[in-house]
Amino acid sequence: MMSLLIVLFGVTAAYAVYIAALCSRRRQAPVFEAEGLPAWTFIFGSAGLVLAGLGLDAHLALAARYGLQASHLAVGLVLVALAGVLVVKRVVLAARLTGIASPGALLGGYYGSVTLRIAVMVLAALYALPFSAAALAGIGDLVSAATAGALPRAGVIAVVAVFLFLPSVLGGWRAIVYVAAGQSLIVLVLLAFLAVAVSSDQGVPLFGAAVPTVDGILADRIPGVFQPSAGIGKATAIGGLWTTTGILSAAIALAGIVLSPAYLLLAIGTRARTAVAFSQTWVTGGIAAGLLVVATPILAAALATADGAGPAAAMAGLADRLAAYEPLLGVGLILLVVGVVQIGIALFAGAAARIFAHEAVALYVLPRLSPDGERLATRIALAAIFALLAAMAVFAPLPSAILASLALPLSIQLLPALLGLCFLPWLSRSAVLAGLVVGCLMVFFTEPPGLILFDGLFVELPWGRWPLTIHSAAWGLAFNLAATLLAAIFTRGGAEQDHRDRLHDAFRAAYPADLGSGAARSAKWSLVLLWAFLALGPGAILGNTFFSEPIFAGGPAQVGLPSLWVWQVLFWFVGVFLIWWLAYHGRMAVIEPGPARRVSYEAGPPSAFQRRAPLWIERTLARVARR
Amino acid sequence: MSARPEDDPLDRHALVVAVWLAGGFVAATLLSIGLEHGSFTVTLSAFGAALAAFIGHVIVNEVFRTGFTPRELGLGLVGAVVGLVAIGLGGLVSPEFRATGFLPASLGLIGLAAAVVVYMLIRHGVRGAFDAFDVIRDFRR
Numbered sequence: 254m255m256s257l258l259i260v261l262f263g264v265t266a267a268y269a270v271y272i273a274a275l276c277s278r279r280r281q282a283p284v285f286e287a288e289g290l291p292a293w294t295f296i297f298g299s300a301g302l303v304l305a306g307l308g309l310d311a312h313l314a315l316a317a318r319y320g321l322q323a324s325h326l327a328v329g330l331v332l333v334a335l336a337g338v339l340v341v342k343r344v345v346l347a348a349r350l351t352g353i354a355s356p357g358a359l360l361g362g363y364y365g366s367v368t369l370r371i372a373v374m375v376l377a378a379l380y381a382l383p384f385s386a387a388a389l390a391g392i393g394d395l396v397s398a399a400t401a402g403a404l405p406r407a408g409v410i411a412v413v414a415v416f417l418f419l420p421s422v423l424g425g426w427r428a429i430v431y432v433a434a435g436q437s438l439i440v441l442v443l444l445a446f447l448a449v450a451v452s453s454d455q456g457v458p459l460f461g462a463a464v465p466t467v468d469g470i471l472a473d474r475i476p477g478v479f480q481p482s483a484g485i486g487k488a489t490a491i492g493g494l495w496t497t498t499g500i501l502s503a504a505i506a507l508a509g510i511v512l513s514p515a516y517l518l519l520a521i522g523t524r525a526r527t528a529v530a531f532s533q534t535w536v537t538g539g540i541a542a543g544l545l546v547v548a549t550p551i552l553a554a555a556l557a558t559a560d561g562a563g564p565a566a567a568m569a570g571l572a573d574r575l576a577a578y579e580p581l582l583g584v585g586l587i588l589l590v591v592g593v594v595q596i597g598i599a600l601f602a603g604a605a606a607r608i609f610a611h612e613a614v615a616l617y618v619l620p621r622l623s624p625d626g627e628r629l630a631t632r633i634a635l636a637a638i639f640a641l642l643a644a645m646a647v648f649a650p651l652p653s654a655i656l657a658s659l660a661l662p663l664s665i666q667l668l669p670a671l672l673g674l675c676f677l678p679w680l681s682r683s684a685v686l687a688g689l690v691v692g693c694l695m696v697f698f699t700e701p702p703g704l705i706l707f708d709g710l711f712v713e714l715p716w717g718r719w720p721l722t723i724h725s726a727a728w729g730l731a732f733n734l735a736a737t738l739l740a741a742i743f744t745r746g747g748a749e750q751d752h753r754d755r756l757h758d759a760f761r762a763a764y765p766a767d768l769g770s771g772a773a774r775s776a777k778w779s780l781v782l783l784w785a786f787l788a789l790g791p792g793a794i795l796g797n798t799f800f801s802e803p804i805f806a807g808g809p810a811q812v813g814l815p816s817l818w819v820w821q822v823l824f825w826f827v828g829v830f831l832i833w834w835l836a837y838h839g840r841m842a843v844i845e846p847g848p849a850r851r852v853s854y855e856a857g858p859p860s861a862f863q864r865r866a867p868l869w870i871e872r873t874l875a876r877v878a879r880r
Numbered sequence: 678m679s680a681r682p683e684d685d686p687l688d689r690h691a692l693v694v695a696v697w698l699a700g701g702f703v704a705a706t707l708l709s710i711g712l713e714h715g716s717f718t719v720t721l722s723a724f725g726a727a728l729a730a731f732i733g734h735v736i737v738n739e740v741f742r743t744g745f746t747p748r749e750l751g752l753g754l755v756g757a758v759v760g761l762v763a764i765g766l767g768g769l770v771s772p773e774f775r776a777t778g779f780l781p782a783s784l785g786l787i788g789l790a791a792a793v794v795v796y797m798l799i800r801h802g803v804r805g806a807f808d809a810f811d812v813i814r815d816f817r818r
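So the protein lines, in turn, are chains A and B.
Numbers in the working numbering are just positions in the first sequence, counted from 1, shifted up by 253.
Numbers in the working numbering are just positions in the second sequence, counted from 1, shifted up by 677.
Hint data in this document are derived by calculation from the structure and do not stem from the laboratory.
Careful, some of the hints might be misleading.
[As the list claims (entries may be wrong)] So, partial list: chain B residues that the calculated Cβ filter (under 7 Å) puts toward chain A:
hint: 1; residue: L687
hint: 2; residue: A691
hint: 3; residue: L692
hint: 4; residue: A695
hint: 5; residue: L698
hint: 6; residue: V703
hint: 7; residue: T706
hint: 8; residue: I710
hint: 9; residue: T746
hint: 10; residue: E749
[As the list claims (entries may be wrong)] Just the calculated beta-carbon pair ranges, DEER-fashion:
hint: 11; chain 1: A; residue 1: A772; chain 2: B; residue 2: G701; range: 47 to 57 Å
hint: 12; chain 1: A; residue 1: I633; chain 2: B; residue 2: A729; range: 40 to 50 Å
hint: 13; chain 1: A; residue 1: A267; chain 2: B; residue 2: G751; range: 14 to 24 Å
Quick reminder that beta carbons are idealized off the backbone N, C-alpha and C, glycines included.
Excised from the complex, chain B in its bound form (with noise of 0.2 Å):
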């Protein structure tokens, strides 16, 4: 890709932080619409802003003929972590809540780590996506 091999990670890196800021923002105006408002459409909407900024990054993988770095697993999988601590508290502690965003939020949430597993599926084949979690595996090494 580059003229300079070593620049490839910051011209990919670059580009990533805008598509999750765009996407970020976007989801994030929608999520607070949506819970203010008690939206269905709005809430869930907020979600396919996020699947889109993922999509986005897909895509950017691909132009630079890469997959997802170490850091951004780690970053994703915490943030899909402390989304369902998120939606389990607030569905426990807020009525409001579990009347209105809970079940958008929750399939919001379903959805993206169903994109991810269709990712990893077309990535990786249904052989490969299992052994990325076959961790017994790895301890019987």
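Okay, chain A solo, but in the shape it has when bound (with noise of 0.2 Å):
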């Protein structure tokens, strides 16, 4: 196995730096451009990014410890396609208003913030550091146990690195979405033919397969709708970890990707005006979270019974054992988890090395540097970003797994300043900042970081990681939304809110929304809080016997299937339902072609509202100064 590995990894490598090779040849081009990439480098690139957010390896698993309760998340594909439609297409809009094409640049612009300008840094470099350096060592942990050792852990890293960086560097950000984008597609061919094959070649069923699990987890119920837990590693939740709340909150965790630096930076880049509502509605809702509703269950019980302590160490079983019937089997397991991973650190690395040329190198450390200067600064900080995650991922991926639990929910905290950015503008910078903090330090305190330092600096936490089975995100986004709210009641008005109006203004006159009526406009929202609450929310617990005890038929229904599973096709099914309506017939996520240009923001604060005292703080120092 291990040489048709090699051959067909150098397969997927010739292709990226071929790929590379044809962008680099284009004349008179930009190579880090962001702007004016096909329509499908978005549809399939964003479905590639977001099982990349996933961590397919992790989420399978996991469904192989917990079964059809984690298995469960990939309905929450479908909350991540709703947030998609909500916030893309508004994002790309104002994008092409302020002319802004950098996600970071944009926040900071519209509510002159150089805070929030530094927050997306931050997290552009979290995805491309921690986060990328765990998975880079997961894929080093699973090739080496696939080939017993003979390719060693180290080597593998290196090599895969080297080897995302080489059409990076020099095929820049279009060849690096060309090459996720094609990655992407070719993940979800693998996905779908894999789950077939392991079907057939494992004995397990095509459809609800039972996945079988230690005593104690409930393998195919969801285990309540939250459990009185103090956490992970202060108690054990009672039946499984996956409650109502927990996947829920796991969701709201998940659509995190949504809001990542690389993800809006794919977006704004795509000039189709149906990219984004396809891609939403079809690939993202439609075709990844079908597959993974389908083929989560089937891969994971195959690696349930797969030999091998953990969960590399499974994975290459499960992969050995379906060499040993036709080693391209097992060699496309490989591919299929190792694509996974390599679209995402390709994403995160490129999104990371232009954002940071771009707003830090270009903005404030070389104002008058030249876009060759510009191009220098980020293949330089692509080489650094590289080299940084292939080390971190070699020796220190024990640290890099616990700051990447950071990056998604920390992504989400963004989620009220985008929305003020897409729909509110009386959410003012202090609001939005205010919430910001406050959800980052709820995330840093029920996440393994915030813990681990508490814990070793101070005393020990009451809590462990996601209390009360809820996720961090959840926890971070209660409080960021309830700071945001309440600040912004008093920093309504006044010179900001005109700044940030002119946005607003200029979408109204060039593109009007039509969310319909008032009755219209409701059912939207009802219609999605509804879908919410039974398909990941406390409802979805009537899924573990709706189906297999019908409360009509007076005893148990022979179904055949879980009825949890059944319950999780249906509401994917309804799901991708309401991504169609409110992405195509409530246009939510059909750009229409428009002015460009028509607003315009500084790079630094605006001057209309430069720093300054509260005025409570500057009348006590005037009394005291005039005594």
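Grab the two chains, each in its own frame, and use the hints to assemble them into the complex.
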């Protein structure tokens, strides 16, 4: 299997370098441009990025341990697509109206906040370094285990990093996006094919496979709406970790990938008008979510019975078993997992390098930098990022994994800021920043970095990771929204709002939103909430027995499939219809052609509201000073 | 299609290569399984995967409002000839292949050829499709 694995890895690497070489031959094109990309790159690339954010290998390992309760998260991809429908169109239009093609600069310019710009940069670094390093370390472990140590872990990590770096530096952002989107298409095809092949070869049913879990874990049921557990590391949740609030909050965390700098940069660079609607409806919410709903139980059931201690060894064991039947199947499974990770690393590293060179170097460090100089800065940043992430993957996989846990939940904390940019001009800079700080603190103290730091330096906290089986992203977002709304009450109006209103006036003039009459508008929001309640939230508990023990039947029904799996398929299907209705019928993700560069925002804080002390401090100081 | 028209061939090429990589891997795996285990259905499915990749290629062509490039036509013809020779040689040399693999492989190749003919008829019409192969008329000019 090893030689075949090397050959096929070589083919995918050759594809990446070949496309990058073609990109580098384009005449007079800025190598690191992020605009004018074809629709298909966003359609497939965004779905691949969502799978990378989910972490396919981690998702399968969790499903192999917890069964259908963990694989229920696949329905969460519909929520991710709904988040995309909500914000991506308006972000793209804002970028078009302001002429700002970078998410950090866009938020910074709109709110007049350097802090938000830095927050986006930190987020980009978090995805590019610890998140990517943890994923790369996983690849090293998997390939090393699959080849019984013949390919050493460090060597695999170095080779993968080099072959991701080469196309990035040769062809720039365009090549990164082409290759990532192409790989996403390959990954989706492989996922479908391997699900059928594993089902046929390993004797696992194609629909609603039962995952053999250890005693004490409910394999085909959700263990409650929530559990009064102190959190992972402090207490064990009875029946499993994935309660309905756990699933809903994990899906909210997963939606953070839509607000990540790489995703937004990818969206801003796409030129076709229906790419966003198509990608969210049919590819992310449709194909990717549907494939995961069907394929996860199959692969997890086979993985649960594979030999090997630890997720990487179990995956390698399954690949070995498949290779015994047909070597290409075993290699295909490894290529699937590696491919998903490569998509994430390439896009996260490329976006971070571009954002760092454009927003930090070209704006603050060397303000008179020429386009060639910015290109060189981006290449240097790429080299530094890939060297660092490879070093972290080899030498510090555990710290990388600990820090990586922050990326998705911190991403979703940008939601109020983006809602302000897209729809709510009354959300002020102070409100958004107050919410962001509170939300980030909540995330930090409900994830390993904060818990380890606080326990080590001060006293042991009474809660662990995800207390009450609620993901840190939801804890953070709840406090974030509360703080934002509270602060927004006291900071409405003034020069700042006039500054923000310019963009919303331009939205109304050039791209008027037509959400329908009052009833239609209410239906849109209420149906989304109803779907979320039943598909992922507390209502999903009904799925445990809804089809196997129908309340009106007076006894058990012979469905032949786990009731929860049927519930997942049903609400995936309803979810796709909901996305279609909002994206196409509600025009929430169809980008109309229209004018560009109508609003001008400064790179730094606008002069209209330069930093000043709060009024009450000024007055107090004035009284004291006069005396 | 593109903001820079010179980018259109690159946009299309990157997608076409990805489509064939995905379809090619599935087809190769199915062909290997089918021939190894002597399964008629799986061997035929390998050609089904190749046909799906071909249909994907045609869809890409329609989206980009273009046809097959001369290089793609050349590569396709070479592939077809190699496939034909491989099936012929396999039938002559290997009794095992003759017994289990020859029929599905031949049917698969005929199916692919039929798909190409149908594509040409739909895209160019009967006269246009025939003109593409009318070499004698080219000599008369």
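Identify every previously stated hint that the structure contradicts and give their numbers, smallest first.
-> Checked against the structure, the hints that fail are numbers 9 and 10, while the rest are satisfied.
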